[in-house]
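Trainee: Protein chains in written order, with our numbering: chain Z, 1 to 248; chain P, 1 to 248; chain D, 1 to 248; chain F, 1 to 248; chain G, 1 to 248; chain L, 1 to 248; chain V, 1 to 248; chain X, 1 to 248.
Hints are computed from structural coordinates only; laboratory data are not their basis.
Each hint should be verified, as a subset may be incorrect.
[As the list claims (entries may be wrong)] With beta-carbon atoms standing in for the labels, derived distance ranges:
#1 F:K248 with Z:E62: 43 to 53 Å
#2 X:G58 with V:L94: 33 to 43 Å
#3 V:G58 with P:S93: 53 to 63 Å
Glycine included, each C-beta is placed from N, C-alpha and C at the ideal position.
Number of protein chains: 8
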Amino acid sequence: MTRDELRKLLTDVSEGNIDVGDAVLKLKSAPFKDLGYAKPDCHRGVRQGAAEVIYGEGKTAEQIIGISKSLADEQRILITRLDSAKAEEIRKSLPLEYYENGRIGVIGGMSEDKAGKIIIAAGGTSDIPVAEEAALTAEFYGNNVLRLYDVGVSGIHRLLAYSEDIMSANVIAAVAGMEGALASVIGGLADCPVIAVPTSVGYGASFGGVAALLAMLNSCASGVSVVNIDNGFGAGYLASMINRAAEK
Amino acid sequence: MTRDELRKLLTDVSEGNIDVGDAVLKLKSAPFKDLGYAKPDCHRGVRQGAAEVIYGEGKTAEQIIGISKSLADEQRILITRLDSAKAEEIRKSLPLEYYENGRIGVIGGMSEDKAGKIIIAAGGTSDIPVAEEAALTAEFYGNNVLRLYDVGVSGIHRLLAYSEDIMSANVIAAVAGMEGALASVIGGLADCPVIAVPTSVGYGASFGGVAALLAMLNSCASGVSVVNIDNGFGAGYLASMINRAAEK
Amino acid sequence: MTRDELRKLLTDVSEGNIDVGDAVLKLKSAPFKDLGYAKPDCHRGVRQGAAEVIYGEGKTAEQIIGISKSLADEQRILITRLDSAKAEEIRKSLPLEYYENGRIGVIGGMSEDKAGKIIIAAGGTSDIPVAEEAALTAEFYGNNVLRLYDVGVSGIHRLLAYSEDIMSANVIAAVAGMEGALASVIGGLADCPVIAVPTSVGYGASFGGVAALLAMLNSCASGVSVVNIDNGFGAGYLASMINRAAEK
Amino acid sequence: MTRDELRKLLTDVSEGNIDVGDAVLKLKSAPFKDLGYAKPDCHRGVRQGAAEVIYGEGKTAEQIIGISKSLADEQRILITRLDSAKAEEIRKSLPLEYYENGRIGVIGGMSEDKAGKIIIAAGGTSDIPVAEEAALTAEFYGNNVLRLYDVGVSGIHRLLAYSEDIMSANVIAAVAGMEGALASVIGGLADCPVIAVPTSVGYGASFGGVAALLAMLNSCASGVSVVNIDNGFGAGYLASMINRAAEK
Amino acid sequence: MTRDELRKLLTDVSEGNIDVGDAVLKLKSAPFKDLGYAKPDCHRGVRQGAAEVIYGEGKTAEQIIGISKSLADEQRILITRLDSAKAEEIRKSLPLEYYENGRIGVIGGMSEDKAGKIIIAAGGTSDIPVAEEAALTAEFYGNNVLRLYDVGVSGIHRLLAYSEDIMSANVIAAVAGMEGALASVIGGLADCPVIAVPTSVGYGASFGGVAALLAMLNSCASGVSVVNIDNGFGAGYLASMINRAAEK
Amino acid sequence: MTRDELRKLLTDVSEGNIDVGDAVLKLKSAPFKDLGYAKPDCHRGVRQGAAEVIYGEGKTAEQIIGISKSLADEQRILITRLDSAKAEEIRKSLPLEYYENGRIGVIGGMSEDKAGKIIIAAGGTSDIPVAEEAALTAEFYGNNVLRLYDVGVSGIHRLLAYSEDIMSANVIAAVAGMEGALASVIGGLADCPVIAVPTSVGYGASFGGVAALLAMLNSCASGVSVVNIDNGFGAGYLASMINRAAEK
Amino acid sequence: MTRDELRKLLTDVSEGNIDVGDAVLKLKSAPFKDLGYAKPDCHRGVRQGAAEVIYGEGKTAEQIIGISKSLADEQRILITRLDSAKAEEIRKSLPLEYYENGRIGVIGGMSEDKAGKIIIAAGGTSDIPVAEEAALTAEFYGNNVLRLYDVGVSGIHRLLAYSEDIMSANVIAAVAGMEGALASVIGGLADCPVIAVPTSVGYGASFGGVAALLAMLNSCASGVSVVNIDNGFGAGYLASMINRAAEK
Amino acid sequence: MTRDELRKLLTDVSEGNIDVGDAVLKLKSAPFKDLGYAKPDCHRGVRQGAAEVIYGEGKTAEQIIGISKSLADEQRILITRLDSAKAEEIRKSLPLEYYENGRIGVIGGMSEDKAGKIIIAAGGTSDIPVAEEAALTAEFYGNNVLRLYDVGVSGIHRLLAYSEDIMSANVIAAVAGMEGALASVIGGLADCPVIAVPTSVGYGASFGGVAALLAMLNSCASGVSVVNIDNGFGAGYLASMINRAAEK
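My request is simple: use the sequences and hints to build the entire structure.
Mentor: This is how it looks when you write it as structure tokens:
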């Protein structure tokens, strides 16, 4: 149920076109009718625009197909955290494009739009899966994405070689594990918002991404904010929000 | 040294107008000449535009005055984490406006600009100092700010009463301690980026803001990112970046 | 040994019907005779009424059958944390009903009683196994249970659609992982006790349920208390206690 | 605004007695008109019945007086975390009863009601302030309270001496710091819900109450749930909810 | 090299029977000659008496056989953390007795001695492997051991039934996971040293034994000390030390 | 109430000398009559022998005097965590000996007994207050104590100079902050039980004693157990238990 | 691109031999041309001298072969964290020496150089894989390495037997899990820098190496610094840096 | 007792110039005779050369004077963590030079030596006290020190301006709080060992230096090791060891 439909319903109540009991009934049933036994998962906040998101982890291929079918007529669908085995099974029932690097599946095609400029920067090659989740999400929502991978701070010249790109972006996602210093260095170079994405890459005292997370939260550069460890989707979605607002 | 000056310097090198040794010398000395014994603190990343930020905590009134005088001719100055005793002392030497609620001092006046729409929402009255730090920072940088205070999730109707404001903002900072649920609920209502600011308000298992921080990092709403505990300035500055980009 | 039997024994001592040595002997041996090599597990505190609980995790099918047989004549039995493989094996020896969603097995049948009103609310589909453990436990003990699943706070309208149910319950269990905000929002809407159940659902900085646990402990809503991460049984059992007391 | 008033308002909308715009206006302004610059603090969820709660910590005496005056005509008021200096100052303006042991202030008098039976048990003498906060809260809401203090598990006979009281209560709050074992032992003896309250009493590896908190969350006794460290009010309020429901 | 041999060597140096260089050489080589490529593991501190300990975890069957053969002529050997597969393989080469419950292997036979009285108490059936490691270790070193299993505090009467045993022991090991309250309750009943052994049994906020560990460290009973999580051997060895000293 | 009195009471019940109701009454009131408004603190487990312990922290001088007077006729009293200001005030009413180094007060005199041999070893001079608490406690209970202070492992020769003392003790308490390695090194040298006492001495990543605590729990030496951070009393009391048992 | 090449490029810019655009182009492309789809991993900081490091974990054999081939003409290659299965596969394409104990692969041969003296000391046999990673890394870079394994502090005499070696080294790596005391004891004996390497060896409260890490950070011996848990490579590389500087 | 004296003593034993008993006696008493009631504190490992270190924190001015007088004839003394009040008091008895910035006192004068090149780099002005502790310590031991303060990574150009200094140092200490990224960036630029010093500067999720500590331990640059939070002395002392070895 869109917000416009909701607004109409309330006006109908006030104008006596529909009585309170019926309105309540409608309100209760509306959002659930199209999904059946399951409702779209936690990424579902993404209601605006003609696109729906399914969080693939912990769902069977069957469940994903069921949810997708109930939605697929009206909108494009993004499926995150999708492994290749499930992807193959879904492809038997639905026209799925699968991007293995970012564990992303798409039904209804990527957006043709390529608005503005988002940079997805990754510290090391091991951070690429999370970075790709962010990059593909941003592309799905119609953004122009520039990937800068393997630009960790221990070889600062590689990052500096891209200074002009960094200074011309609308928003940057800095994806890094280990010591997570990438976000601070980019934050010091850029004029735009920087979304820091800690990854669980590392060993020993990296504690599954906690070291990077803390470093990013404590960044002394202004304009840096942080999403959850390995949350590439969240970074890509937020980057899209900011980039598209800047291009309006 | 602005980016344009930097670009010019490098072109001069390439055109032989200046030799490498001199360029290096200039590069080294330039950013430090105006400050003397101290350099602007960690919020200083904020170089763009005609404004400078001084992080007041751990600096004496004398140090703040010294830094301010070296800067004050050219630009407006924002001083964060400034207690009232220091503020009073600074006022003897410089025309300081002091905002006690947010522990913010301003030299050179607030911006006259009131662009776009930023909402600063706070869960409880104890979160107001952090929220005010964010709100005043955003106003200092020329943004239109709407304050929604005391709208914590345990009385959800108070928040819902502002649904339309929430839906029309360019960016929202959700400031909350204790369980930090405010960010998720607002994230579910809003179409724009939400900057979550955990505060150290609470007791027992709030662990000085850690409970709120973790809740916010795990928000199941899309479009939410997080800054450090009690980092009102960071939220206000980032909100300004996003809001002003959206209004361009 | 029931409390009535205990009281009788003590009176017998005082009246000289039994001497101290014999009483001590009886006291020592009584509670162990019926179980053999093992004694009912940690959920066994549930002695009142004609029902016994076996914590299935870490026990072999054989051990569960052994314990059950020593008990099954006198009372109904609830087996928690029971996987389907063990369930199948037990069914060969005993008339077990198995509820896979909540990993619950029942011998002697569910209660016919459907007293009062307990709501089990779950934030997302991944929280359902824990929610079902709570719901089935409550039903086993003779309570009327209403399930509200997939009502996470990032889409607050779905929860509000059930406001009247929430306001008419005797007790509510709020089951949620990730940021755990569900408990606070429900706590703000309800007039009855709310039992918060953090789940280990999430990734990154959810730390296996710690983020949700802390959020729930810090809930600013009154009337909220918390059980261990993933402890659906504990919530269902406590909800039954409260609901049945309210219906007496 | 009471729930009955709310229901009436919605019906008025549906019957055309009031139009949507006006209703929204009313909804927005109503809950705030009586409080002025501040709104009642986080314990304020306690709206039902004729009583209001003010969380005293971090508020000045003036603020507490201001809030109290706006409320005092209609309802009794409970003020928690109130130190004696502020209490004395408030007493100059308002008829405050002050209970120093539990840092509780009451305006409008304790309840005359003494329903049912709540036990507040405390492990050591240092836990008494938290236990008193719970006990006085419960008495304020009209419950019969039995205090069992200094019954820690290292001298188990003292606790067992009260077995009959424990077995006849409607609900028990077990208040303990250090190793927090009191909740498990009482949980094993009682037939009713046990609310465990960890306190910050202890040193070294008690980590300000974390050791007790974890122990209580892991209690192997059924029917035990936990509130935040030192949250006496929360335990007393929840105990009142359960006790009064049982007595209805 | 025994301490007597060491003393002799030093006297020889002083008497000129051996020169400094030779002494140093001897000192360096002596302790390693009998073991070959490996030296006995970390439990090896147990040099006194005719017994050696091998920590089996992380060693192959071949390594254990190699070490054992170099030692077995002179002394009995205790092998801890030994799984059944390795045990079977070792038995092909050496006369090993294997105790599966406690994952303990013995070469050269248990001690015939049964001195004094050690109680090994365990909270639940899941704690038995750790308890057995402690009990078998104590028996290996010639102590009389009484096992009290499944005496967790949620059914306090079962523990109290053994009050006299508890009061007559020389030393008690209290083995418990979850909330670890067993150590405090036993500590309050006993007159002798209590060695608390937290186990990793539990789920959720038990954090692999941390909850029990903290509870035990904070025990308000006097005479309680703690060993590492799941360290049954350590408890058994220390109990033997104390018991045998008391019986001397 | 002593155990002999308890045994007598139960026999009286069985012989009809006293009826059940009276016995219960006696059981309930007996342990509380001699203390008035307060009961002896958490160290009170120490009931055996003619000595009582009062935990001084968080008690006023008045409270300590009150408790002491109710006890002082019958037994000697040990007061721990007593600062010098309170000590002075108590001395006005009672014949208190005060030992400032260990913050210990004694009423009724130290024991004349000097049984066996306890070593209290401390790593650095900052650990001395905790070490003294242990040493004085042990002396109060009639043990012969040898103090080895400032024998930290960074200068291992100082510790080795005392090898013979270490090898002849009945029990050793190893008191150390920072890295807590002292316990392992002593544990490797000694044949007797070693009680490790982590202290809160240190800075940075010592986390108030946690680093030392963890090191001690993980000691690879056998025969080492651990008490709470800064718990000198606990170590001294336990050492006394072990030493006196060995000397019996 | 070497630093000399970089210096030349900048001089060329200044002398007009190359224009700014071309220089920028060169700067951007140069470091990447030889590697193709991937760039050398995080150990790659090691650019000086004719050697390159590949971090093997998380890379496929194919990727390692690809990177190696692009480098192997010019320099020797060290591959860390390489398991035997991948090693075998790489050996089909490239002349790899494989050292299983330290999970190290080498292409182009070990260094013939054996400069100075590095000691690698390990506490227990389980620490050997990490110690070997350090030792082999140091040998690869041309250092003379002395291995002292199984010299844990619980048998201090074994370590002391090597006092002279310890006193004559240029640098020592102390590798230890569990309580990590080895670093402090060696630090107290040695005159040279000690690099402490915590390992994840241990169980229970060792928390995967955290206990050892904290102990080492808190070492009271001077001259001790710490690398990440299990970071044998880091210790070996740093030891090489220090040893070779001392031998210059 | 110096090592030469020790060697002599052992030779005397071997040559019969001194008998074993006397040697033992000498060994025991020697290191303690010169200090009286106290022995030099934990930094005392620094025995080599003619200098002694006293850790000032937690010692009274009197104690420091006492220790200093017993040493001052023979050697220069470095006193760390010395506040200005104590410094003033000491100056009345001894010729103390006091350096307030680094809280360092020196008796016997700074070294005249200025060997090699050590860089002490600090991220922000708040890190200067720790950096000065390191710098002054290094100067005390006769090293040439270059200070680079306020070169945090959020303004990377300031650090790069010193690239040549960084590349020519023998050893660098990188002192930083907050996100601690400075160590990684310097580690990537330098060819020499980098000692990372986390500081407790920061707020919120910096957790008193833990965020910086973790970031530094996880540095992806080679050649970086870490000392305890705020341990400027440790870094300065270790830097001196490395620098002086390189200059030999």
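Trainee: The structure should be examined with respect to each hint, and the outcome stated for every one.
Mentor: The hints, checked one at a time:
1. F:K248 with Z:E62: 43 to 53 Å: 47 Å, holds
2. X:G58 with V:L94: 33 to 43 Å: Given a distance of about 59 Å, which is not inside 33 to 43 Å, the answer is violated.
3. V:G58 with P:S93: 53 to 63 Å: For P:S93 against V:G58, whose Cβ atoms are near 58 Å apart, the range 53 to 63 Å holds.
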